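S.K.: Just so you know, the protein sequences line up as chains A and B, in that order. Everything in the first sequence is counted per the working numbering, starting at 5 for the first residue and increasing by one. Everything in the second sequence is counted per the working numbering, starting at 28 for the first residue and increasing by one.
By construction, these hints were calculated from the structure, which means they are not laboratory data. As the structure is a prediction and not an experimental result, all values here were calculated from the model. Mixed in with the good hints there might be a few duds.
Stated by the list, open to error - In silico negatives: residues of chain B with every beta carbon more than 10 Å from chain A:
| hint | residue |
| --- | --- |
| 1 | K53 |
| 2 | E158 |
| 3 | K180 |
| 4 | E328 |
As the list claims (entries may be wrong) - Simulated restraints on C-beta separations:
| hint | chain 1 | residue 1 | chain 2 | residue 2 | range |
| --- | --- | --- | --- | --- | --- |
| 5 | B | R128 | A | V324 | 36 to 42 Å |
| 6 | A | L278 | B | K81 | 51 to 57 Å |
| 7 | A | L278 | B | G156 | 51 to 57 Å |
| 8 | A | S43 | B | D97 | 40 to 46 Å |
| 9 | A | F45 | B | G195 | 25 to 31 Å |
| 10 | A | V127 | B | R124 | 26 to 32 Å |
Said to hold, decoys possible - Residues from chain A shown here face chain B by an in silico Cβ test under 10 Å; the list is partial:
| hint | residue |
| --- | --- |
| 11 | N149 |
| 12 | S256 |
| 13 | I305 |
| 14 | I315 |
| 15 | T316 |
| 16 | K332 |
Note that beta-carbon positions come from the ideal geometry of N, C-alpha and C, so glycine has one too.
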Amino acid sequence: MTTQTLSESGRSTPQLSLRTVLHNAGIGLALLALIVFFSVFTEHFLTPNNITNILTQITINLVLAVGMTFVILVGGIDLSVGSVMAFAAVVAGKAITLPGFGPAEAIALAVVAATMTGVLCGVFNGVISAYWALPSFIITLGMLNIARGAALQVSDAQTIYSFPLAFEEFGSAMIYGVPVVFLVALLLVFVAWFILNFTVFGRILYGIGNNEEAVRLAGHSVFRYKVAAFTICGFTAGIAAIVYMARLNISSPIAGIGFELNAIAAVIIGGTSLSGGRGSVIGTLLGAVIIGVLANGLILIGLSDFMRQMITGVVIVFAVILDHYRAKYAAK
Amino acid sequence: MKLLKIAAGAVSGLAMLAGTAMADDKPVVGLIMKSLANEFFQNMMVGAQAHQEKRGDYELLAVGMQNETDFESQINAVENFITQGVDAIVVAPADSRAMVRPLKKAMDAGIVVVNFDVALDEDAKKQRGVELAFVGPDNRGGAKLAGDALGEKLGEGGKVVIIEGNPGADNATQRRLGFEDSVAEFKLDLLDSRTAHWETEEANSVFSNMLTAHPDIQGVMAANDSMAIGVVKALESAGRDDILVVGFDNIPAVGPMIEDGRMLATVDQFGTDMAANAIDLALEVVQGGPELEGWVKTPIELVTAN
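Required output: the full structure, derived from the provided sequences and hints.
M.R.: This is the structure:
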């Protein structure tokens with residue numbers, strides 16, 4: 005009996021089904037094709053330095069996209085992550101440059117300030133949109149403006165600079181050519197993957213995206229889970245702010261304009277359904293890598309900025325068309 | 028209902044404020060700027076406010092916009108100023124064509140108009156029959172100053188790349204042309220030229236990729252300092268200290284970089300004083316001085332380590 009129950013629950017787990025594995029393999033193959041293409045047509049693509057560059061460059065988008073995956077899985081969207089990242093960076097920038105703290109304390113203070121700012125914005129997004137059942141598209145559009153305005157207000161529109169040396173070192177540190185900030189992002193991916201696949205919490209998030217009413221009837225508070233999803237997204241925006249600051253050694257109130265779209269693109273290219281309930285954070289990781297490889301490879305090939313933008317757009321449209329057929333197939 | 032009342036109260040309060048401003052004998056200057064989210068214009072507005080307090084013989088009404096491309100709100104601001112009957116409008120146009128028509132309307136209403144920072148389009152002016160001077164820096168000449176500093180260091184055949192501002196923005200175009208003038212004069216080898224939309228993080232990524240494609244780059248011309256910072260960070264992570272970087276704007280954050288040689292030079296166009304100077308010129312005309320003509324160039328200066 006026990007065995008049967010286990011296998012049944014195993015089958016109802018979308019991430020572990022054969023279909024999902026095949027699907028991630030599909031994205032992986034697309035990525036592999038891109039890598040082969042750029043390796044053949046450019047001289048420097050497959051060099052250790054360039055791979056380090058790509059990993060550095062995708063880190064912020066990956067961090068934001070991990071949080072975004074949670075929100076999209078429950079059928080929501082968060083348009084505010086770029087602005088929230090800038091707001092968190094400015095608040096943390098103010099904190100880290102406060103006089104009278106040693107480097108270690110200042111950095112700790114900045115990390116707390118950035119993540120708390122992100123979490124508070126996420127809680128706001130979640131509570132408002134879930135309590136009144138309002139479209140998160142609009143609520144987070146509001147937050148996009150609130151957070152951007154707040155970032156400008158707090159910083160007086162000035163770039164904040166001169167952070168402790170140790171913070172700079174963290175931003176540019178490498179372990180065998182792998183940027184430490186990327187390892188932080190990878191850790192987030194792992195934690196998210198674990199939560200989504202191996203905890204009741206994660207299963208319920210998928211359930212909400214598939215059939216909110218069923219989750220409610222089963223006696224779970226949909227409100228609480230939705231707020232949690234948005235809070236996680238806010239938290240990752242705070243982490244992204246730390247990565248931004250460590251990498252560039254400044255806090256700019258105009259940072260992150262349009263980053264929400266890149267994060268959403270990574271999630272969608274990674275095969276998570278915009279209507280919720282289907283997808284995986286591993287797909288998101290692959291989606292972020294695809295976007296980063298395209299941005300890098302198309303420059304190495306020498307393609308113009310405008311062509312580059314067009315091609316990235318085409319890839320997003322293509323991913324959504326694929327998702328349409330995947331949904332049809334899944335419904336059968 | 029309550030909300031409506033509050034709104035009504037706020038509107039009448041604003042009207043009263045405007046009323047008192049008008050009631051004074053002092054001339055009223057309407058200042059229209061671009062995005063106050065931009066450090067440069069924020070400082071400019073602070074400079075203008077300080078100037079107003081110092082002079083004290085005029086009233087200042089200042090408006091900015093949400094972002095660099097929000098020209099709708101600039102047009103609305105001109106129309107509001109016409110309705111309020113200001114004596115002068117001092118404007119940094121977000122779009123050099125779209126602003127010509129509303130400004131013509133203001134001039135027809137007898138308002139002194141001074142165009143600063145970005146010049147209105149010559150053809151658009153001709154088409155509307157507008158004669159209007161321009162008060163502002165020579166972005167192209169400024170960029171050439173920075174480019175020349177780089178050219179002198181590198182000499183003939185030096186391999187350079189350009190990091191551009193927003194495609195289509197007038198100052199971005201002028202700065203690119205200025206850099207290209209230096210490239211031509213010093214016979215530099217321009218390997219690549221790409222936009223990073225004025226932004227640090229994007230410049231950091233875009234330049235890292237350019238450096239991978241062209242490891243032999245010797246010099247970088249960035250169209251503003253925010254992007255130059257991104258380039259400097261990319262060079263640090265690549266462990267390269269043999270590549271020279273020039274920027275534009277002289278924002279405080281690049282001060283230490285110029286001092287310790289991570290940047291070769293930047294260009295100061297004294298943005299903090301720019302609006303204030305334009306206001307001075309406008310007030311002279313309001314008080315019966317001669318009309319401005321042609322291009323009144325404002326100072327620019329190359330900033331280097333010593």
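S.K.: Confirm or reject each hint.
M.R.: Here is what the structure says about each hint:
Residue placement check: K53 (chain B) keeps its beta carbon more than 10 Å from all beta carbons of chain A (closest about 28 Å). No Cβ of chain A comes within 10 Å of the Cβ of E158 (chain B); the nearest lies about 35 Å off, and the non-interface call holds. With a least CB separation of 25 Å from chain A, K180 (chain B) remains clear of the 10 Å interface cut-off, as annotated. Every beta carbon of chain A lies more than 10 Å from that of E328 (chain B), the smallest distance being close to 21 Å; the non-interface claim holds.
Against the hinted window of 36 to 42 Å, the Cβ-Cβ separation of R128 (chain B) and V324 (chain A) comes to about 41 Å, which satisfies the hint. At roughly 56 Å, the beta carbons of L278 (chain A) and K81 (chain B) sit within the given window of 51 to 57 Å. About 52 Å separates the C-beta atoms of L278 (chain A) and G156 (chain B), a value consistent with the hinted range of 51 to 57 Å. The given range of 40 to 46 Å is respected by S43 (chain A) and D97 (chain B), whose C-beta atoms sit roughly 43 Å from each other.
Between F45 (chain A) and G195 (chain B), the C-beta spacing of about 30 Å keeps the proposed range 25 to 31 Å intact. In this structure, V127 (chain A) and R124 (chain B) break the distance hint of 26 to 32 Å, their C-beta atoms being roughly 45 Å apart. This hint holds: N149 (chain A) has a C-beta 9 Å from the nearest C-beta of chain B, less than the 10 Å allowed. A distance limit of 10 Å between C-beta atoms decides the matter here; for S256 (chain A) the minimum to chain B is near 6 Å, and the interface restraint holds.
Taken as an interface hint, I305 (chain A) checks out: its beta carbon lies about 8 Å from the nearest beta carbon of chain B, inside 10 Å. With its C-beta approaching chain B no nearer than about 15 Å, I315 (chain A) sits outside the 10 Å limit, and its interface hint is violated. Look at T316 (chain A): its Cβ only gets to about 13 Å from chain B, farther than 10 Å, so that hint breaks. A hinted interface residue such as K332 (chain A) counts as satisfied when its beta carbon comes closer than 10 Å to some beta carbon of chain B; here the least separation is about 37 Å, so the hint is violated.
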